[in-house]
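Residue numbers (my numbering), protein chains in the order written: chain A, 1 to 241; chain B, 1 to 222.
Mixed in with the good hints there might be a few duds.
[Said to hold, decoys possible] Lysine to any residue pairs mimicking SDA-like chemistry, simulated, CA-CA at most 25 Å apart:
no., chain 1, residue 1, chain 2, residue 2
1, A, 92, B, 117
2, B, 47, A, 62
3, A, 60, B, 140
4, B, 187, B, 167
5, B, 91, A, 138
6, A, 55, B, 119
7, A, 55, B, 184
8, A, 152, A, 117
9, A, 147, B, 100
10, B, 52, B, 90
11, B, 133, A, 62
12, B, 53, A, 79
13, B, 22, B, 180
14, A, 93, A, 114
15, A, 93, B, 90
16, B, 47, B, 2
17, B, 133, A, 4
18, B, 47, A, 65
19, A, 92, B, 187
20, A, 22, A, 85
21, B, 52, A, 135
22, B, 91, A, 147
Hints in this document: simulated from the structure, not taken from any laboratory.
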Amino acid sequence: MGIELYLDLLSSPCRSVYIFAKKNNIPFTFKQMEVLKDLVKGHSDGFGKVNILRKVPALKDGGFTLAESPAILTYLSQTYKTPDHWYPLDMKKRARVDEYLSWHHSTIRSSVFKIFWLKVRDLNIQSWTSYEALEDLTIPLKQLEEKFLQDKPFLVGNMISLADLVAVTELMQVRLIAIGYNILEDMPKLVEWRNRVEKAVGKELFQEAHKVILNFQDLNSMLTEPQLKEQMKPRLLKMVA
Amino acid sequence: MVVELFLDLRSQPCRALFIFAKKNNIPFEFKDVELLKGHHLSEEFGKVNVLKKVPALKDGAFTLAESIAILLYLSRKFNTPDHWYPSDLQKRARVDEYLSWHQPGRGGQPFSPEKLEEAVEELNSALKQFEEKFLQDKPFIVGNEISLADLVAIVELMQPVGCGCDIFENRPKLVEWRSRVEEAVGKELFQQAHEIILNVKNMSTTQLPPELREHVKQFLKP
Numbered sequence: 001m002g003i004e005l006y007l008d009l010l011s012s013p014c015r016s017v018y019i020f021a022k023k024n025n026i027p028f029t030f031k032q033m034e035v036l037k038d039l040v041k042g043h044s045d046g047f048g049k050v051n052i053l054r055k056v057p058a059l060k061d062g063g064f065t066l067a068e069s070p071a072i073l074t075y076l077s078q079t080y081k082t083p084d085h086w087y088p089l090d091m092k093k094r095a096r097v098d099e100y101l102s103w104h105h106s107t108i109r110s111s112v113f114k115i116f117w118l119k120v121r122d123l124n125i126q127s128w129t130s131y132e133a134l135e136d137l138t139i140p141l142k143q144l145e146e147k148f149l150q151d152k153p154f155l156v157g158n159m160i161s162l163a164d165l166v167a168v169t170e171l172m173q174v175r176l177i178a179i180g181y182n183i184l185e186d187m188p189k190l191v192e193w194r195n196r197v198e199k200a201v202g203k204e205l206f207q208e209a210h211k212v213i214l215n216f217q218d219l220n221s222m223l224t225e226p227q228l229k230e231q232m233k234p235r236l237l238k239m240v241a
Numbered sequence: 001m002v003v004e005l006f007l008d009l010r011s012q013p014c015r016a017l018f019i020f021a022k023k024n025n026i027p028f029e030f031k032d033v034e035l036l037k038g039h040h041l042s043e044e045f046g047k048v049n050v051l052k053k054v055p056a057l058k059d060g061a062f063t064l065a066e067s068i069a070i071l072l073y074l075s076r077k078f079n080t081p082d083h084w085y086p087s088d089l090q091k092r093a094r095v096d097e098y099l100s101w102h103q104p105g106r107g108g109q110p111f112s113p114e115k116l117e118e119a120v121e122e123l124n125s126a127l128k129q130f131e132e133k134f135l136q137d138k139p140f141i142v143g144n145e146i147s148l149a150d151l152v153a154i155v156e157l158m159q160p161v162g163c164g165c166d167i168f169e170n171r172p173k174l175v176e177w178r179s180r181v182e183e184a185v186g187k188e189l190f191q192q193a194h195e196i197i198l199n200v201k202n203m204s205t206t207q208l209p210p211e212l213r214e215h216v217k218q219f220l221k222p
């Protein structure tokens with residue numbers, strides 16, 4: 001029995017796990033989760049047994065269950081002995097990946113998470129510039145470029161690593177705000193880096209993982225279901241507070 | 001050339017690093033960075049950590065930010081005992097899982113009366129999750145021995161204590177776990193690391209005013 005990955009590709013950490021597993025030909029069963037509906041539905045689907053925190057992504061490997069994408073990514077990389085560049089054995093290079101993953105969580109992830117839920121709450125807002133949360137990204141993006149990327153092709157050196165994967169899948173989430181909105185517009189260095197990451201992953205796999213995000217029309221109709229929105233309201237308010 | 005650790009022991013991640021390095025006899029130079037005095041904003045410190053945060057590490061020309069990254073780097077470089085960050089991949093994943101979950105979205109803020117109820121509710125919820133998902137009935141978070149997960153958790157839970165808010169009260173399971181962690185670390189080292197936040201004078205800016213303390217106490221009951 002192979003591993004099971006509980007994923008909803010609407011969520012950026014799920015996409016990084018999905019891309020990583022696929023790219024490295026790690027055999028897994030895709031267990032479709034629905035983050036938005038799950039907020040509303042009762043907990044009768046057995047998922048609670050897999051992950052008491054009810055979070056995605058989650059991994060099940062026989063009797064072993066695991067949550068938190070950084071933990072899942074490093075577990076997979078070590079268990080399946082993926083190519084070194086993803087999570088290098090070299091102490092200093094590995095430290096750089098750890099450093100990025102840790103920093104990412106409290107900065108970029110934190111803001112993007114908020115932006116996503118703001119969008120869900122205010123689907124009809126025309127002007128995305130009214131989102132303060134977007135401004136919150138200005139400094140982290142600058143730090144991403146100046147502290148982490150600098151003049152290297154990838155965040156931790158010459159090849160793609162877990163750090164790049166996590167960063168790019170997160171930044172793609174901002175596409176939800178408006179069709180064609182490119183948060184990296186004024187930052188050509190980051191745009192080039194983003195393209196390199198997509199190429200290293202493989203365009204086809206990258207597009208496949210981001211289908212849900214890029215398919216804006218479908219997302220719109222999913223989010224405007226009135227009952228869904230009403231039921232989500234109290235939790236939404238908490239998330240974007 | 002000795003590793004330099006840039007720390008302010010008022011900060012939770014700095015304490016975790018301090019305890020870890022001391023407990024494992026890792027030779028290091030303690031570089032005091034007083035956040036309240038704005039040391040972290042100096043140009044000199046900016047050369048060590050351009051993110052201007054503590055903790056930070058300097059190992060020759062190599063500089064590193066983010067406490068988790070530093071803890072892991074030290075554990076590898078100094079080959080610390082296995083239980084801190086097990087080589088067994090599933091046990092290791094448990095530590096990683098805890099370290100990731102534990103991370104706050106934003107830095108610790110002092111309680112402000114308006115956000116008090118919300119903050120306490122969040123704290124209660126976090127404590128509940130901690131006990132039910134991570135600790136459960138085990139002596140430590142990842143089994144029978146102390147790991148980085150326990151270390152990172154305990155310094156975090158001590159922070160409200162330093163602000164006049166004893167979250168251990170009425171939570172016997174946590175109290176027992178705390179004793180075990182203190183014993184595993186060594187009582188003296190534990191006290192030394194927490195001296196600064198347990199000294200009320202040092203924490204005057206983050207002390208909860210007495211009238212709010214009772215209020216919080218009520219809310220904090222599990």
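Okay, the hints, checked on the actual structure:
Note on residue 92 of chain A and residue 117 of chain B: the hinted pairing is violated, with a Cα-Cα distance of about 43 Å set against a maximum of 25 Å. Under the criterion of a C-alpha separation no larger than 25 Å, the hint pairing residue 47 of chain B with residue 62 of chain A is inconsistent with the structure, at around 47 Å. Note on residue 60 of chain A and residue 140 of chain B: the hinted pairing holds, with a Cα-Cα distance of about 22 Å set against a maximum of 25 Å. Of the supplied pair hints, the one linking residue 187 of chain B and residue 167 of chain B holds, its CA atoms being roughly 20 Å apart against a limit of 25 Å.
Restraint check: the Cα-Cα separation between residue 91 of chain B and residue 138 of chain A comes to about 37 Å, which exceeds 25 Å; the hinted pair is violated. For the suggested pair residue 55 of chain A and residue 119 of chain B, the alpha carbons sit about 22 Å apart, so the restraint of at most 25 Å is met. The hinted pair formed by residue 55 of chain A and residue 184 of chain B fails the criterion: a straight-line CA distance of about 32 Å is larger than 25 Å. Annotation: proposed proximity of residue 152 of chain A to residue 117 of chain A is violated, straight-line Cα distance about 33 Å (limit 25 Å).
For a cut-off of 25 Å, the pair hint linking residue 147 of chain A to residue 100 of chain B stands: about 22 Å separates their Cα positions. For the hint pairing residue 52 of chain B with residue 90 of chain B, the CA-to-CA distance comes to about 34 Å; that exceeds 25 Å, so the pair is violated. Only pairs whose Cα atoms come within 25 Å are accepted, and residue 133 of chain B paired with residue 62 of chain A is accepted, the gap being roughly 19 Å. With a C-alpha separation of about 33 Å, the suggested pair residue 53 of chain B and residue 79 of chain A falls outside the 25 Å cut-off, and the hint is violated.
The suggested pairing of residue 22 of chain B with residue 180 of chain B holds, with an alpha-carbon distance near 18 Å, which does not exceed 25 Å. A C-alpha spacing of about 31 Å is found between residue 93 of chain A and residue 114 of chain A, which places the hinted pair above 25 Å, so the restraint is violated. About 23 Å separates the Cα atoms of residue 93 of chain A and residue 90 of chain B, which keeps this hinted pair within 25 Å; it holds. In summary, the hint linking residue 47 of chain B to residue 2 of chain B is supported, as the alpha carbons are separated by about 18 Å, within the 25 Å threshold.
Between residue 133 of chain B and residue 4 of chain A the CA atoms are separated by roughly 20 Å; this keeps the pair inside 25 Å, and the hint holds. The suggested pairing of residue 47 of chain B with residue 65 of chain A is violated, with an alpha-carbon distance near 41 Å, which exceeds 25 Å. In summary, the hint linking residue 92 of chain A to residue 187 of chain B is not supported, as the alpha carbons are separated by about 33 Å, beyond the 25 Å threshold. With a C-alpha separation of about 16 Å, the suggested pairing of residue 22 of chain A with residue 85 of chain A holds against the 25 Å cut-off.
Between residue 52 of chain B and residue 135 of chain A the CA atoms are separated by roughly 20 Å; this keeps the pair inside 25 Å, and the hint holds. A threshold of 25 Å between alpha carbons decides the hint, and for residue 91 of chain B with residue 147 of chain A the separation of about 32 Å lies outside it, so the pair is violated.
In this structure, the hints that do not hold are numbers 1, 2, 5, 7, 8, 10, 12, 14, 18, 19, 22, in rising order.
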